[in-house]
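S.K.: Produce the entire structure from the sequences given, and follow the hints as far as they go.
Line order of the protein sequences matches chains A and B.
With the working numbering, letter number 134 in the first sequence gets 134, and the count goes up by one each step, no holes.
With the working numbering, letter number 79 in the second sequence gets 79, and the count goes up by one each step, no holes.
Treat the hints as calculated values from the structure; they're not laboratory data.
A quick note: this is a predicted structure, and the numbers were derived from the prediction, not measured.
It is possible that part of the hints are untrue.
[What the hints assert, rightly or not] Pairs of lysine-lysine residues, derived as BS3-like cross-links and limited to a Cα-Cα distance of at most 25 Å, are as follows: (1) LYS129/B <-> LYS149/B; (2) LYS207/B <-> LYS87/A; (3) LYS87/A <-> LYS115/A; (4) LYS554/B <-> LYS470/B; (5) LYS554/B <-> LYS568/B; (6) LYS31/A <-> LYS435/B.
[Claimed, not checked] Between beta-carbon pairs, the in silico distance windows are: (7) SER369/B <-> ASP52/A: 44 to 50 Å; (8) GLU125/A <-> GLY336/B: 57 to 63 Å; (9) ALA11/A <-> GLN308/B: 58 to 64 Å.
[Unchecked claim] Simulated coverage check for chain A against chain B, where a stretch passes if three residues somewhere in it have a Cβ under 8 Å from a Cβ of chain B: (10) 71 to 82; (11) 130 to 139.
We put the CB at the ideal spot given by N, CA and C, even for glycine.
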Amino acid sequence: MPITFRINGQAVSSDAPPQTPLLWIIREQVKLMGTKFGCGAGLCGACMVHIDDKRAFSCQTQLSEIAGRAVTTIEGLSHDSSHPVQKAWLAERVPQCGYCQSGQIMSAVDLLRQKPHPTRDEIVEHMSAHICRCGTYPRIVRAIERASQEG
Amino acid sequence: MTKHPIDMLSAAVSRRQVMTGAAGLTFAIALSRGDLAAAAVPAGEMQGKSLSPWVSIAPDGTISIMSPATEMGQGSMTSLPLIFAEELDADWSNVRVVPAPVIEKIYGNPGFGGMMYTAGSNAVTSYFKPLRTFGAQVRRVLLDSAARKWDVPVEELTTEPSVVVHGKSGRRLSYGEIAAFAEVPASAPEIKADELKKTSEFRLVSKDVMRVELPNKVNGSATYSIDIEVPGMIYGAVVRSPVEGGTPDKFDDVKVKAVPGVISTVRLPYGIGVLAETSWAAFAGKAAVEQTINWNRTGKAWGFDGDQGMEAFAADARNLSVPVTNDWFKQGDAEGELGKAATVIEGEYRCDYAYHAQMEPLNAIASVSPSGDAVEVWCGSQSPTMATDAPAKVLGIPREKVTLHYTLLGGGFGRRGHRDEEFIIDAVLLSKEAKRPVKMMWTREDDVHNGRLRPITAHYLRAGLDPSGKIVAWHQRLAGDRVTPYQDPVRYKIAGDKDFILMLGVELRSYDIANQYCGQIYRDSGVRTSSLRGIGYTANKFVTEAFLDEVALKRGIDPVQLRLELLKNTPRGRAVVARVAQMANWGTKPVDGHAFGFAFIDYSNSLLGGIAEISINRTNGQIKVHNFWCAMDCGIPVQPDNVVAQTESSIVYGLGMALTERISIKDGAVEQSNFYDYQVMRMRDLPQMHIEILATDNHPTGAGQMATPLVAPAINNAFAALTGKRLRETPMSPDRVKTALG
Numbered sequence: 001m002p003i004t005f006r007i008n009g010q011a012v013s014s015d016a017p018p019q020t021p022l023l024w025i026i027r028e029q030v031k032l033m034g035t036k037f038g039c040g041a042g043l044c045g046a047c048m049v050h051i052d053d054k055r056a057f058s059c060q061t062q063l064s065e066i067a068g069r070a071v072t073t074i075e076g077l078s079h080d081s082s083h084p085v086q087k088a089w090l091a092e093r094v095p096q097c098g099y100c101q102s103g104q105i106m107s108a109v110d111l112l113r114q115k116p117h118p119t120r121d122e123i124v125e126h127m128s129a130h131i132c133r134c135g136t137y138p139r140i141v142r143a144i145e146r147a148s149q150e151g
Numbered sequence: 001m002t003k004h005p006i007d008m009l010s011a012a013v014s015r016r017q018v019m020t021g022a023a024g025l026t027f028a029i030a031l032s033r034g035d036l037a038a039a040a041v042p043a044g045e046m047q048g049k050s051l052s053p054w055v056s057i058a059p060d061g062t063i064s065i066m067s068p069a070t071e072m073g074q075g076s077m078t079s080l081p082l083i084f085a086e087e088l089d090a091d092w093s094n095v096r097v098v099p100a101p102v103i104e105k106i107y108g109n110p111g112f113g114g115m116m117y118t119a120g121s122n123a124v125t126s127y128f129k130p131l132r133t134f135g136a137q138v139r140r141v142l143l144d145s146a147a148r149k150w151d152v153p154v155e156e157l158t159t160e161p162s163v164v165v166h167g168k169s170g171r172r173l174s175y176g177e178i179a180a181f182a183e184v185p186a187s188a189p190e191i192k193a194d195e196l197k198k199t200s201e202f203r204l205v206s207k208d209v210m211r212v213e214l215p216n217k218v219n220g221s222a223t224y225s226i227d228i229e230v231p232g233m234i235y236g237a238v239v240r241s242p243v244e245g246g247t248p249d250k251f252d253d254v255k256v257k258a259v260p261g262v263i264s265t266v267r268l269p270y271g272i273g274v275l276a277e278t279s280w281a282a283f284a285g286k287a288a289v290e291q292t293i294n295w296n297r298t299g300k301a302w303g304f305d306g307d308q309g310m311e312a313f314a315a316d317a318r319n320l321s322v323p324v325t326n327d328w329f330k331q332g333d334a335e336g337e338l339g340k341a342a343t344v345i346e347g348e349y350r351c352d353y354a355y356h357a358q359m360e361p362l363n364a365i366a367s368v369s370p371s372g373d374a375v376e377v378w379c380g381s382q383s384p385t386m387a388t389d390a391p392a393k394v395l396g397i398p399r400e401k402v403t404l405h406y407t408l409l410g411g412g413f414g415r416r417g418h419r420d421e422e423f424i425i426d427a428v429l430l431s432k433e434a435k436r437p438v439k440m441m442w443t444r445e446d447d448v449h450n451g452r453l454r455p456i457t458a459h460y461l462r463a464g465l466d467p468s469g470k471i472v473a474w475h476q477r478l479a480g481d482r483v484t485p486y487q488d489p490v491r492y493k494i495a496g497d498k499d500f501i502l503m504l505g506v507e508l509r510s511y512d513i514a515n516q517y518c519g520q521i522y523r524d525s526g527v528r529t530s531s532l533r534g535i536g537y538t539a540n541k542f543v544t545e546a547f548l549d550e551v552a553l554k555r556g557i558d559p560v561q562l563r564l565e566l567l568k569n570t571p572r573g574r575a576v577v578a579r580v581a582q583m584a585n586w587g588t589k590p591v592d593g594h595a596f597g598f599a600f601i602d603y604s605n606s607l608l609g610g611i612a613e614i615s616i617n618r619t620n621g622q623i624k625v626h627n628f629w630c631a632m633d634c635g636i637p638v639q640p641d642n643v644v645a646q647t648e649s650s651i652v653y654g655l656g657m658a659l660t661e662r663i664s665i666k667d668g669a670v671e672q673s674n675f676y677d678y679q680v681m682r683m684r685d686l687p688q689m690h691i692e693i694l695a696t697d698n699h700p701t702g703a704g705q706m707a708t709p710l711v712a713p714a715i716n717n718a719f720a721a722l723t724g725k726r727l728r729e730t731p732m733s734p735d736r737v738k739t740a741l742g
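M.R.: Given below as structure tokens:
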């Protein structure tokens, strides 16, 4: 039985093995490459997406768990990089290699949805689920603060 | 922190596939080096008229500039074309950046003997003068063409961004208009050094522009090799021998073949590959076969234990009867002066193995032709030259038969510049066997287990002081696991068998110490080693700056004062030391339970002063870094805000090296697996960082990793100030802190 769900508003049906991590469905079946493979163990956050508007490690979410649910990836955030968090990310020149940034942005959006005006400590706590090996952390903090003010 | 208004100018990065078919006029001539007719080849991918191998200009004013460096987050894809655009006097908003094709004689890095290789934070340093000259040559051609058209002396013409202006008549011609009729001379016009812009005339260099690839990095569209898909592609995973040189003996492929989606297994010289219809199936297949492989214990490192190795290295370093293998650095007569010194201080230090942990696990896509006589490769490598040569060597084909598409890198940090480019070879060999394109990916566990590591080193130092306390002799014996001959036998040979990746940074070039010696005690455990961000500097500056702090304590002199004395012939060094001391209010009493520690380093002619403010949790042994101040002089900061960003990045990387990151080796193999047992810095671990770039008019020097080696000694010295005890190993992990505190 194929499993059906939605990604960025589009219906998707997959007959991949039900234990397949959502990450690989997104990348290899739906061909959305913005969501990255980093550790495969829910430790780095490069694969972060939203499931029903809450952040989730797509490498730790099995296909069988998302039947009937709505998934949002970085590509679904806006068509033109106009989401306030994306704009703030550019304004603060956050990315370096950029590989982890889709996941970072998805987590930041999730945080601001829960808490439109997070404290610095709340930002640090929420975002410490992620690893950025380029060490862009100070700029991520600034970008979230900017998005919170301007968003 | 220095803040600069950023200009949201919109130079666009173009993908080469997008460029195909977009070319206008195609006559090309090598402006910069007369013999380079090959320049016509890349020009075909450019838009408009090619005026040199580096640039073409379209009638609508679009200027395409080649980017000769790979982009791994350091910003060279912007800064190098920007340098060219500066002297061309181009309107940056109409510039497109095109990755240069693999033609070393045009695009090779002068800092690496003409290889296309981005490493050592030297792209801006090495390309700065040539790119300025090339840009100025093209501007001159445009001026000469306009002068002929208007029949006026060229001396009467000036340029504004992308426009030639005749002031007397008020006439103007855009670069796009001129390109339509420009005649390119047979040989490049000569540009004298004094014809280049003065730094005060720069419009682009040392002003911030938006990095060209950044917009694609906030919407998921930036393409790394892991994102490439080619028609007919399947997926591959590889189990490599846990120890370099090991070969697979027997393995059981019953379980792996039962995994849905697995196509076949492939025996490789150094491991077992799995081919599958999806990545997930390939990984599941790999897991199924991994435990069944019986390894032949060929190769050197089997049986090697890292902890025991470290003990042996340390014993060799301090045992003066163990001969030094080679003299790395010798100035004056350190040994003789030690014998005459009033006081001799000695110290021992150690540094552990560490792992790069770039966020994109290594991967590549290869498509070997059915007859095996050609290959197309997609990968993220720091060296397009090595990434072209390595597949050619393995397949036994001419390098012209290798078509390389290099992409953005999801982090480099020195990991992707090994001569054998082994992760690319994994893809090549799998594709050769499959006879179709294969995307080969390592899992994070593979990336750790196959890690090529910052090596272990053990250091024994002695300093000789005269009766006044002046340092008259500095002597170091360093026993370390070799790096350069393993990582890059070619460059090792060229360097005259010098292990520079391991040894750089032990010499004290800026300090006034007349008699210095550092010898290498060459050791080869067989463990895979690598240039890791900061290379030898990270270990070696930790050691020398911590030991210098011991000297200061012994003399009862302020550590900053000692550095200012030693830097008497290095005014730029004194300036960064004085500035960082001022930034941190050095000399004022810290908060109760806190302490400051200071370090100075010179690294590839960039100069840095750093101060850490720390406290210690004596229950769990954790060092908390509250603040880190850094002042750096790297000459002209080509992109000032990016220099700050790279320095933030280097400090974060240095914190990991200093505090938590450690790989241990048992029976020759890496013991760690993923980010649960290899702890890198997260946001919650960071201090407040305070960075100031002291812009000077000097030739730009490295900026991509300079602060990494600054961190550990500053923390170490703060620890000594706080506790009176000296930590003698990195990382300064909680267990070691607790041991030191008793």
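S.K.: None of the hints should be skipped; say for each whether it holds.
M.R.: Each hint, compared with the structure:
1. For the suggested pair LYS129/B and LYS149/B, the alpha carbons sit about 31 Å apart, so the restraint of at most 25 Å is broken.
2. At roughly 21 Å between alpha-carbon atoms, LYS207/B and LYS87/A fall within 25 Å of each other, so this suggested pair holds.
3. For a cut-off of 25 Å, the pair hint linking LYS87/A to LYS115/A stands: about 19 Å separates their Cα positions.
4. Taking the CA atoms of LYS554/B and LYS470/B, the gap is near 12 Å; set against the 25 Å cutoff, the hint holds.
5. Between LYS554/B and LYS568/B the alpha-carbon distance is near 21 Å, which keeps this suggested pair within the 25 Å criterion.
6. The straight-line distance between the Cα atoms of LYS31/A and LYS435/B is roughly 24 Å, inside the 25 Å bound, and the hint therefore holds.
7. Between SER369/B and ASP52/A the C-beta distance comes to about 47 Å, which sits within the given range of 44 to 50 Å.
8. Remark: the range hint 57 to 63 Å for GLU125/A to GLY336/B is upheld by a beta-carbon distance near 59 Å.
9. A hinted range of 58 to 64 Å holds for the C-beta pair ALA11/A and GLN308/B, which are about 60 Å apart.
10. For the stretch 71 to 82 of chain A, the proposed coverage by chain B is satisfied: 6 residues have a C-beta within less than 8 Å of a C-beta in that chain, meeting the threshold of three.
11. A stretch counts as covered by a chain when three or more of its residues have a beta carbon under 8 Å from one of that chain; for the stretch 130 to 139 of chain A and chain B the count is 10, and the coverage holds.
Hint 1 from the list above is the single one not met by this structure.
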